[in-house]
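J.: Letter by letter, the chains look like this.
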Amino acid sequence: MIRPFFRTILFALTAAALSAGTTAQSAELTVSAAASLQNAFREIAVAWEREHPGDRVLLNFAASGTLLQQIIQGAPVDVFASADEETMDRATDKGQVDEATRRDFAGNTLVVIVPARTSAARIPGSLAALQASSVQRIAIGDPRSVPAGRYAQAALQAAPGANGYQALETKWIHAQSVRQVLDYVARGEVDAGFVYATDAALMKERVRIAFPVEASKPVRYPAAVLRHAPQPALAASFVEFLVAPQGQDILARFGFAPPGQ
Amino acid sequence: MESAWIALSLSLKVAGWATALNAVLGIGIAWALARWRFPGRELVDAILTLPMVLPPTVLGYYLLVLIGRNGPIGAFLQQHFGITLIFSFAGAVIAATIVALPLVLKSARAAFETIDPQFERAAKVLGLSPVAVFFRVTLPLARRGIVAGLLLAFARALGEFGATLMVAGSIPGRTQTLSIAVYEAVQAGQDATANLLVAVVSVTCILILLAVGRLTPTRQA
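These protein sequence lines are chains A and B, in that order.
Residues in the first sequence are numbered consecutively from 1, following this note's numbering.
Residues in the second sequence are numbered consecutively from 262, following this note's numbering.
Next up, chain A with everything else stripped away, as it sits in the complex (with noise of 0.2 Å):
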């Protein structure tokens, strides 16, 4: 007979010593990205797998903002791909990346959406089209971390007819993530929302590409190998995974543009 207050402690090493007995010994790789690279990075994780037999990738995803701050505070991450160039140089002025292993790997589209059901006369066709009052409220990524909205917010000033930004102050949901942008809108929560081709290529049935955005500067993804990398020699080649045909390949199948563009 075991008293409740013993059943409970050992109930509970039980479960820890169960979830400590899953950890894998091989070596483990790092690997911080975007938000937006979520489906793609998973494929190139197994295909990159597949080539370093017993390695594993750990994939970390949020808003490129986010996954900065991780690194500065001291996470132990081998790999950080950005979805802007921007936050990649803070890093780099933080001191946090090593420039030599630097690549840009992928470029993308910022597209505004709107949700699948929307009726045809109520889909902006233009960023001065948002101003409407059709549209109620409009979903963008934090501009101070998610570089998803802080293209967008570019693109708002660069506009003719400036301060385009301001002028939908009281229409903005700010979201975490460029994710949480397709989701808000794939839900129908809000009338528009800015996010990346790619992204919007994954929800095909739940949202609409109302147009694409003329971006002020180009969408690019930059990835390095960090300075602080557990890892460094798997993270270098993971880098080089992504611009060798392998993983073009494979994002070029989510919808990412080749680099250079």
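These aren't lab readings, by the way, just hints derived from the structure by calculation.
On a predicted model such as this, the values are computed, not experimentally measured, just so you know.
It is possible that some hints are incorrect.
Simulated restraints on C-beta separations [said to hold, decoys possible]:
{"#": "1", "chain 1": "B", "residue 1": "L470", "chain 2": "A", "residue 2": "D89", "range": "40 to 48 Å"}
{"#": "2", "chain 1": "A", "residue 1": "R42", "chain 2": "B", "residue 2": "S264", "range": "33 to 41 Å"}
{"#": "3", "chain 1": "B", "residue 1": "L273", "chain 2": "A", "residue 2": "A252", "range": "50 to 58 Å"}
Just so you know, even glycine gets a beta-carbon here, dropped at the ideal spot from N, CA and C.
Let chain A serve as the given structure and place chain B on it in line with the hints.
T.: Structure of chain B alone, referenced to chain A:
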């Protein structure tokens, strides 16, 4: 700097509303659970306690699906009253209320159950109506437990993050509460803002816990 006080006052407003709603809902349900015998009584208690143990994301998802624009409750309110709960102050209050409910419910039920029923019976025999018995005998006797529960609920509502973020989003001045402002400041690398915000919320919570400590019956034993 100014945004910190906006976030604080918003948090206090949300927590205040949530506590007020819980004072009615929590005490009412706790009284029913303590005094009435009905089948499934413990099941009701368990379901209402769920928000305390469920991950906030699960709760946030339930709420998003239920009160979202396409959810059964959300669509109904939208069509008939033009009310949108998602991304609104009301949405933040609903999330905080549900998360904090178990704290009032549990302590109020325990407080009601420790009251000797003889007091209530005596009051009834002396001619008080059932409503008067509740407000003049039962409630005063259960006061300590209820107030402690309400204070804890206030603190929990003040700190609510996960479900609120999912349901109410993060709109400065409207739904961006203190805990969400902390999260955003840290993500954006604005440590100065984050420091100020966490100091404010920590001090507030310590004050509440001290108040709860003074009200907890075990102190006197």
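J.: Quick check: which numbered hints come out false for this structure?
T.: The structure breaks none of the hints.
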